[in-house]
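Enquirer: Throw the hints in and build the complete structure from the sequences for me.
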Amino acid sequence: MKEQSTLAQSASQEHSRTKRGKKTGLPPGSIVHVGDRRVSESKLELISYGESHFDLQPLTSPDDLTSLTTSNNRNWLNVVGLHDTALIEAIGRELSIHPLVLEDIVNTQQRPKAEDFEKYFYLSLRMAYVVPERNEPSLEHVSLVLLPNLVISFQEEEQDVFEPVRERIRQGKGRLRGEKADYLFYALLDAIVDHYFVVLEEVGEDIEDLDEQVLQHPNSAQLHQIHQSKKMLQRLRKAIWPLRDAVQATLRNRPHLISEKNVLFLRDVNDHLYQIIETIDSYRELLASLLEMHLSSVSNRMNQVMQVLTIMASIFVPLTFIAGLYGMNFQFMPELKWRYGYPIVVAIMTVIAGGMLVYFRKKEWI
Amino acid sequence: MKEQSTLAQSASQEHSRTKRGKKTGLPPGSIVHVGDRRVSESKLELISYGESHFDLQPLTSPDDLTSLTTSNNRNWLNVVGLHDTALIEAIGRELSIHPLVLEDIVNTQQRPKAEDFEKYFYLSLRMAYVVPERNEPSLEHVSLVLLPNLVISFQEEEQDVFEPVRERIRQGKGRLRGEKADYLFYALLDAIVDHYFVVLEEVGEDIEDLDEQVLQHPNSAQLHQIHQSKKMLQRLRKAIWPLRDAVQATLRNRPHLISEKNVLFLRDVNDHLYQIIETIDSYRELLASLLEMHLSSVSNRMNQVMQVLTIMASIFVPLTFIAGLYGMNFQFMPELKWRYGYPIVVAIMTVIAGGMLVYFRKKEWI
Amino acid sequence: MKEQSTLAQSASQEHSRTKRGKKTGLPPGSIVHVGDRRVSESKLELISYGESHFDLQPLTSPDDLTSLTTSNNRNWLNVVGLHDTALIEAIGRELSIHPLVLEDIVNTQQRPKAEDFEKYFYLSLRMAYVVPERNEPSLEHVSLVLLPNLVISFQEEEQDVFEPVRERIRQGKGRLRGEKADYLFYALLDAIVDHYFVVLEEVGEDIEDLDEQVLQHPNSAQLHQIHQSKKMLQRLRKAIWPLRDAVQATLRNRPHLISEKNVLFLRDVNDHLYQIIETIDSYRELLASLLEMHLSSVSNRMNQVMQVLTIMASIFVPLTFIAGLYGMNFQFMPELKWRYGYPIVVAIMTVIAGGMLVYFRKKEWI
Amino acid sequence: MKEQSTLAQSASQEHSRTKRGKKTGLPPGSIVHVGDRRVSESKLELISYGESHFDLQPLTSPDDLTSLTTSNNRNWLNVVGLHDTALIEAIGRELSIHPLVLEDIVNTQQRPKAEDFEKYFYLSLRMAYVVPERNEPSLEHVSLVLLPNLVISFQEEEQDVFEPVRERIRQGKGRLRGEKADYLFYALLDAIVDHYFVVLEEVGEDIEDLDEQVLQHPNSAQLHQIHQSKKMLQRLRKAIWPLRDAVQATLRNRPHLISEKNVLFLRDVNDHLYQIIETIDSYRELLASLLEMHLSSVSNRMNQVMQVLTIMASIFVPLTFIAGLYGMNFQFMPELKWRYGYPIVVAIMTVIAGGMLVYFRKKEWI
Amino acid sequence: MKEQSTLAQSASQEHSRTKRGKKTGLPPGSIVHVGDRRVSESKLELISYGESHFDLQPLTSPDDLTSLTTSNNRNWLNVVGLHDTALIEAIGRELSIHPLVLEDIVNTQQRPKAEDFEKYFYLSLRMAYVVPERNEPSLEHVSLVLLPNLVISFQEEEQDVFEPVRERIRQGKGRLRGEKADYLFYALLDAIVDHYFVVLEEVGEDIEDLDEQVLQHPNSAQLHQIHQSKKMLQRLRKAIWPLRDAVQATLRNRPHLISEKNVLFLRDVNDHLYQIIETIDSYRELLASLLEMHLSSVSNRMNQVMQVLTIMASIFVPLTFIAGLYGMNFQFMPELKWRYGYPIVVAIMTVIAGGMLVYFRKKEWI
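In order, the protein sequence lines correspond to chains X, U, E, D and G.
Under my numbering, read the first sequence as residues -17 to 348, first letter to last.
Under my numbering, read the second sequence as residues -17 to 348, first letter to last.
Under my numbering, read the third sequence as residues -17 to 348, first letter to last.
Under my numbering, read the fourth sequence as residues -17 to 348, first letter to last.
Under my numbering, read the fifth sequence as residues -17 to 348, first letter to last.
Please note that the accuracy of each hint is not assured.
Any copy, or any two copies together, can satisfy a pair, since identical chains are not distinguished.
Unchecked claim - Straight-line distance between alpha carbons at most 35 Å, and here's what the computed DSBU-like set of lysine-lysine pairs gives:
(1) Lys155 with Lys243
(2) Lys25 with Lys95
(3) Lys213 with Lys25
(4) Lys345 with Lys213
(5) Lys5 with Lys95
(6) Lys101 with Lys25
(7) Lys220 with Lys25
(8) Lys213 with Lys5
(9) Lys162 with Lys5
(10) Lys243 with Lys4
(11) Lys162 with Lys25
(12) Lys5 with Lys243
(13) Lys101 with Lys5
(14) Lys155 with Lys4
(15) Lys101 with Lys220
(16) Lys4 with Lys162
(17) Lys5 with Lys155
(18) Lys213 with Lys344
Calculated directly from the structure, the hints in this document are not laboratory data.
Expert: Next comes the structure, spelled out in structure tokens:
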């Protein structure tokens, strides 16, 4: 069933978190991959572009990256797969990135945060997308490093969240080609944040379907679905809250690598983060209300069944007693010999049953 | 039924939100209409007025708008319908409005916010009104742009929320004609905020009706109504909270287009927003309490039914057993031959039934 | 019943709030009375006093009020009845009070706030008192305007909350006569705030009565009372929270009309407001706990009834079956002809009943 | 019973609060005793000490107190009993203490607060102790006034909370004798705050006892105990929160009477207050969880009873019907004349009962 | 059972807290051990190391510690066992540590806090680890004192949480040997904080196991487990919240003993603390949702049982009545003599039973 697989998948994701503990006791800056290995082979893809040209090529070694930061082009290096710590370390050494940052890049449980160093700006966040084959939301750890003329993105799996940005560079649409690396950095961040809307729409549709069903046909499978949706929203929330803090901190102490005029775009991202949080919160509230409705509906339905049946049983109890009374085998029961004993008793029974029905109806019990 | 249609309507409104996702991946400043197309044709209406004159005319093209900002008149351009992005873009180009702002104007899911640019001041908010034919609250995305001598309002549908302002300009009542454009801006904002009171009164009356009914005749339809009212209040709250933040930010960093003496009026609006939020919150609390009352009432009523019926059944159980006992066909049952066996047994039964009634009454069960 | 009338009264008060909507669309500063007309005729009462004299006189017209602000006496003008907007407007014109303030004075739904103008200081608040004939708390909108040598108080009904202040002026007790108008302003504010304690004691006694009853004799009328008390506390809280904000803002930006040495008294009022809020909150918490106790008690009591009755029924079910078994009319049932068949069956029944009783007792069900 | 008396006692304490209202309408600074009179006679006790000497004497009149503030000794005046307002007023007059402070000293409902005057520092707080004869926590209003060389403590009853401090002065243990009056002030405050730990341990033990019992033998008396513990914790919390605010405000704006080097000790007190609040909050959370457990346990137990009994009843219902069937008196019922009719019917009954048992067991209902 | 022992253990830990009260009344700075004595003998272990050497030796007396602070080596003194207050006091005297700090070191109930003195920096915190033999989380009070060239750690029991640090010093791995004492201080703090992840993974696995079980086989033991997990999370939360406050305060007012370049590492610790808190909070939320699911599941299951059984009983009630009717012994009951009376009655019974089944099925009750 769909719910089962969601559970299994989220359970397995939760499980990967348990490996965080294996880092305990290592010196800080130890670059240890935490999480599942999602791709078989790490992949480096370099896109170089300028006002009028564009060049995409796979990269086999991280040498010579430093030269990119002083080139005339803008460069975007996309690293897919975080398990190859030697590769990540080589990149870090080449660009003098602090070991603590490298540690965060390969730790897929790292919470979203922004850190401004003199030579580069680091942002860690979670990317959300809907896995097409399972039709389910999934979260992935992404790191963005902004250097002069170079943006490096680290991701666990190859997903199409960045594809529209790649397309815009390729086609030279919009301002992307003409802007500096900080605009590319913003474009990638914006692509990730915007994709939360897609995921939330998916989740929201499920919740709204539930909303209609719960009031019409309450059943226990809905309980499970409410529980799953709650957990999914909680995971989205846990990914988005610290990201908002990070973006706000970035807005407050604008890093020198981000130019003044692009702050407006960051403010726009911040705005979207607020909207995402508000949407998540309103879905959470709706789910809480749905759970209440569900419990009440189930209880109402049960009460209805019990009430009707109990009333029916109650009517027959005294009648059965009377029948039992005249089923007794005493020798001296004068009624038994009366000519009209039987019809009289049946008449009495009818009166009792009728009286009870009238009484119950008056009490509005039936 | 009324509730059904409310549900359907709110569901359809929720549905339009799902289209937010289609913007994902587009470059920032892409002017894409998000939401339902509520009117067939966009409409431009220009009101020009001064101390002593007044002129209303429909506008067919957005050319020459720049000249308005330097005219001697105050001008109010009301744009109805947001789906015609070409038109909005033309207005934006003419007045050098930032593409991100234009994007927000046509995005009907945009959350309320204020942004101060050098040449204009932008405020996005939600207008609330009661749809007369359905007798139901509805929310609509509105944008206000304040320029020198010109206020532009963008709305989805033509509603009469602005009519009193138009009337005051027409009749020259109040200070409106003599004041600058920032006062008109305030008047429009005030008209929108004040209309929340009308909507809240509508919602409040429903809740107070519920309050009386729940305690007297609890039924499961009330559950549905409580759930619907909760959702409506949540939507109003989601519209009003960020607006208050926006108005407060405007008060803190007063934009140069808003004159010192009109700040007092903005403070008044801020005050109304507080009152609206407090009213919403107290209704929400009342609904929570109502739900508790409802559940308790239903449960109390059920308990009452069950208790009376169970007690009745319990009294007859031992009696029926005794009757069954003397209905047995053993050959050697001396009681059956006793002269007064039958009356004695009936007497015993009466004693048992009476004893139980006394016991139950002593225990205060009946 | 008492509860019914409370409900009706609070409902009617809530109802008057619905008239707030009629102001929508009017220009700001429109002086429209919002709320019920509680007195038939507006009344003006002027008390003039100095170190050594005292003079009380009704006032028929608001002319010459300006002269009071420059007189050697301190003056207190008490206005009872807010529906006569012409009168309020005349007072406002005479003393150059801003139309927005006048609007707030006659709007009985206005939330408490303080506003400092150059020439006067305005405070809007709610007065709470116990209506003697109904023994119920009631809230009333009050406005205080502090000018040099003059305090104006606007109230909806004539209540005795101000009487002790009047008495202290009359008898020259305390420092009141020797102090400036700001001390009178404080004395009036203090009288209103202190009266909340009286109201809270009234409410608190009801809640403590409930506390004792709920644990001893839970019944469904208590549900209603808990609900009513909750609503009353919510209304008091809604009146007192913004007042505390207003008093704190006054303490922060001390208006020049309030002298340095009287700030200590304002701090005392602030302190009382804190205590009132804490008391309200602890009552709310107590009510929430009471509701839980009530529901548990009702449920416990129901469970007890059901359990005893179900057990009794259960014991007789197998016995009745056995009796029915030997009530069958088969020709070949050897037991029926046994000499001791009947006593044996009765013995078996006794053993079964006894065994079940022992089992139930061992399980601690009875 | 213990619970009953706790209730009664706490109810009577709540009751004394209701007298707060009698002050309403009096001028500020009216010294009116609010609360119960707990001792028959007020008592003044003066301890004078220096580096090398120590003197304890009862005081009969408050004259000459001013001379103490300029003496070479440190002095501690302990006032027991707050109902003798004339005495308190005399002390206040002698030492020029502000009437508002005196008003707070005799108001046993005063919430904890600190106020710094030029000549003295005032701290109002609640003392918590366990009443030995009732084994129950109790709260008492205490005021501390710090003057140069003199500390005055006002308390309602004579309790041994201050005894260890007295003992330390008497024996010259620790730094107390060698320090200034501000250290004595701190020592008294510390003694009061530390005693909360004793009270919390008492309350905590009860709660932990409950924790064990609830899961093993849920019964309705536990409901009562949970409710009582909640109320006690709420009262402690209401006493400690404002005290923490007061101590923090004291730390922020260090009064000149408290020397720099003793601030460290005040920080220690602040730390203890935090720990007390955290302990109270964790007990509150534990109680909430306990209540949930209790309700679930009760409901589980009830369900278990109902289920077993219902199942038993259900098995006999069809059997009894079959027995009734063959108890009918029709003349033409061929089965009745069959040689093996009776054993066949008994066999059928056995099969039905067995089948139902198997079915129920498969469904895991029994 | 496992749960039982957890309960017992946590109860005993809670119990030790009750001894906090024995300090009440003692002068501040009284060094009294609060808590259980967990080791029989206190133990001092001194590790001295420099860039190129390493020396570990047990210490028998705390003399000459001062010389360490001025040596060329870095020194780490680990004190195991806090009950030997004479020893702790001797260390304190030797290094001029404030008595209040010593008091906090031996008080195992001390809440986490940081305090900066001129000559040393003090940090009190809780260490969390999983007790291997019981497979259960446990908390222990730890104090860290940072002096020039010397770090002293005080712990209750000898645990292996510090072992990785010791190992890194021994093997000269990482930067530890080459750095100053503040880096060692950070390394110890980091080791403690990182170990929370191990504990949380343990707790998290239990909760996720519960999550799966609750939806599949709800039973009352799960209630107990939810309650225990809640208590454990609450204890972890109570340990980690004040630690975060302490670390943040340390970051804000950087003590001079911590060098600028190591602040980055402290920020990393701070980051981990945030992540721990978020993980705890998400587990708490999950537990709350689990409890709701559990209660709903139990109630659903009960409802299902009751419904099926009640329906079955209801079908037989009218049939049994009819059987009883024809079991009556009236002499004049014409039906009894009819040739087809019996089959007709049986047919009627079948029709009634069938009709009820159809009706119930239509109502979706079965």
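Enquirer: With reference to the structure, classify each hint as holding or not holding.
Expert: Quick rundown of the hints versus the structure:
| no. | hint | in the structure |
| --- | --- | --- |
| 1 | Lys155 with Lys243 | within (20 Å within a copy, 44 Å between copies) |
| 2 | Lys25 with Lys95 | within (25 Å within a copy, 42 Å between copies) |
| 3 | Lys213 with Lys25 | within (32 Å within a copy, 46 Å between copies) |
| 4 | Lys345 with Lys213 | between (45 Å within a copy, 30 Å between copies) |
| 5 | Lys5 with Lys95 | both (20 Å within a copy, 26 Å between copies) |
| 6 | Lys101 with Lys25 | within (25 Å within a copy, 48 Å between copies) |
| 7 | Lys220 with Lys25 | within (28 Å within a copy, 43 Å between copies) |
| 8 | Lys213 with Lys5 | both (26 Å within a copy, 27 Å between copies) |
| 9 | Lys162 with Lys5 | between (38 Å within a copy, 23 Å between copies) |
| 10 | Lys243 with Lys4 | between (44 Å within a copy, 27 Å between copies) |
| 11 | Lys162 with Lys25 | within (25 Å within a copy, 40 Å between copies) |
| 12 | Lys5 with Lys243 | between (41 Å within a copy, 23 Å between copies) |
| 13 | Lys101 with Lys5 | both (28 Å within a copy, 34 Å between copies) |
| 14 | Lys155 with Lys4 | between (46 Å within a copy, 18 Å between copies) |
| 15 | Lys101 with Lys220 | within (29 Å within a copy, 39 Å between copies) |
| 16 | Lys4 with Lys162 | between (40 Å within a copy, 27 Å between copies) |
| 17 | Lys5 with Lys155 | between (44 Å within a copy, 15 Å between copies) |
| 18 | Lys213 with Lys344 | between (47 Å within a copy, 33 Å between copies) |
Hint violations for this structure: none, all hints satisfied.
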